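Engineer: Residue numbers (the numbering used here), protein chains in the order written: chain P, 123 to 503; chain W, 248 to 472.
Take every hint as true, because none was put in to throw you off.
Derived pair list, reagent style DSBU-like, types lysine-lysine, alpha-carbon separation capped at 35 Å: (1) P/206 / P/333; (2) W/436 / P/395; (3) P/147 / W/386.
Because the hints were derived from the structure by calculation, they are not lab data.
All values reported here derive from a predicted model rather than from experimental measurement.
Chain by chain, the residues:
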Amino acid sequence: MQHWFNRQRYLIDYTVAAMARQRGKNLGLWLIYTTLIFVLASVILLGSALRREAAQVFQGSPDVVAQGLRMGRHEMSHAANIEKLQALRGAPRVEGRLWGYLYDTSSGANYTLQVPSPHEPQYALADGEAIIGEGVARLRKVNVGRSIYLVSPAGPFLNLKVKAILPEATALVSSDLVLVSDADFRRFFQLGADEFTDIAVFVRNPKEVTKVAEKVTIALRQHRVITKADVLRTYEAVFSWREGLLLALLSGAVLAFGILAFDKASGLSAQEKRDIGILKAIGWDTGDIVRMKLWEAMLVSLTAFLAGFALAYAHVFFFSAPLLEAVLKGWSTLYPRVALTPSIDGVQIATLGLLTVLPYLAAIVVPVWRSASADPDAVMR
Amino acid sequence: MLELTQVTKLYHEGQPNQVAAVSEVDLCLQMGAVTVLEGPSGSGKTSLLTLIGCLARPTSGRVALHGEALSGLPEQHLAQVRRSTFGFAFQRFNLITGLSVRDNVMLPAYPLGLPYAELVARADDVMAQLNIGHRAAFKVELLSGGEMQRTAIARALINNPAIVIADEPTANLDAALTTQFLDIVASLKASGKTIVMSSHDPRITRAQVVDRVVTMADGHIVSAA
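Just chain W, same shape as in the assembly:
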């Protein structure tokens, strides 16, 4: 279980332009479920996702995984948690240009120091699952939007994380690719992964595969159905 207790995230703290992106949020995410954070732009969805995925530390409050507080961990341990527990797919994919699809997918596993053959096998396996294997040697900047997204998801999955986080995953996709993405979510859910997404796309929030929709406004949770 991933639990957030009275979590607040301030940007530009102490300055005239201080913003409370997330304010006193309490949230409990069940493992193995698909949760969607919805709300208008600026409601704090992405900020909350970064707190859940340990990409940022809360200004106050507590983020805990299976009862263990993550927010106070030293940087090196937090990096280990990010590497082993979370897989992050960004809204703009955030692939490293100039590298091939396979190299991008392998990046999160580099710090593990696995033998190269094993590393490639892992990458090829997740690329095959996401039907991107035929583009393995392509530079990522040559891919279509859907292929970039599948590459980003493959990269998020290579370390076999328990929790996959996706920020606005369908913002840059058409209807067909959105359906394809939901199929991927369904297969990940079936394999026991916990999925947390942010979206204001009704095709996502109303999808059958989604277990829970959390609505945010002005940094607060206003409903958690």
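The shape of chain P in the complex, shown without the other chains:
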């Protein structure tokens, strides 16, 4: 065993010395490799973290939502429908929700206006008060106690005093949120007293969500019924689509790197071929030479992989991925400032490793094996 370790140590010593002879070329390749891993890992880590954050944020949201439809388009629901659903067994809490969108021409951003649930006393608001998302506060440069003006396309405007700013932890889905009182909302959007944007149904037993959703569908024929799982799937699909789009755009860079690596690895220089011939002539066998080159490939690819991944981890979890913000996180111009929870998915690392390290190792080893398996005289010639 000691013999084997010594042998590997000498092969690594030789590899390091051989790499130092072409340090500029090797360093350049390493930097390109590291950058590529950094970008790919950043996209994967951020996409995964966003999906995870969304799943956590939605934990307290309604299990089933019923939205009124007319000719396939969304329409307001009415208080009578809420009463129908309150009779359902297994659904202890049914409430009408009020929410809508407002395009703010002054900032070019879309806000989501919403009336907080009466079951969430921490968000209770008097008329003329608002709780706003961190993105809105940032965009409008307002703090707690200051006023914020919203102008409706229909004419009315709201002068709201900021009561609180929602925490950054929920920014992924609350960045653009403006919570207002029921009366302010109805006045602003000119809604009747029995109109609601949709109806939220909370189910006691999570296993019965599907069953309750079926009952809601039967009870409200003119409504579209959406479960929490459906909403989560939509968010996942949005982030996955964005991640996939970015990875597709990056595939060009991956391909370019692959060509560069293959060219560097397979195009053994005359010097490298001569060295392989010399090593064989003085007693190294094919296996020694392949192992030596394998060590070289592993030193380059693994250190680049680890460095790129560590940089991506810091970029995403310590600095909130500023380089990818516009692509992966944004809604309109309100990019949420989310402090993502650090975590690593082993499958993701393995996938990235398989797609980057293994092809590089193969690109190095195969041509070396072809050279090293020939007679020393033939290689040197």
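Model the placement of chain W on the given structure of chain P, informed by the hints.
Structural biologist: Just chain W now, with coordinates in the frame of chain P:
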């Protein structure tokens, strides 16, 4: 005894530019002797040396050491034979640039997996024998021609091979260094090594230490005195 029987080596076999570098050679080399292959450039000396040292396989014929055929051995076994039996000093030295003298000398012993201290001791020992120890830490590209040659010979000797092969060893050396080289050959012979060299340098072919001169022309042996 190293024996070559009807050995032929073709390059570019089957192509219009096919060359018979060695053609139907029969040769028997006695252990412990100094043999020189002489002949003009292109006569097949280097090709024959590569066949003797198992750096290439013959196209046909048989190379045998102590009665055991080497030419048919699988690559891994052949590498073992090269490592344990032969030490090769090339015409252009073929040292690995960027490495120190000691690292170059130790290279053939790396596959043995010896403890590092033993490896260094072995290298220092052969470097001392060849009077190159004071350059141990120098990069090889900084050496003079004579020092490079002594480094190449030290590298050939580190695994204590029975047979040392040297291709045109004095081609790049002046008269003084040639004399120095012949002294090294004499000491190797005295220690029981078999030495096979190629040369067209009369200072080598007429040297007292040489036991046998084999003359080649056009890939054939024309005389074996």
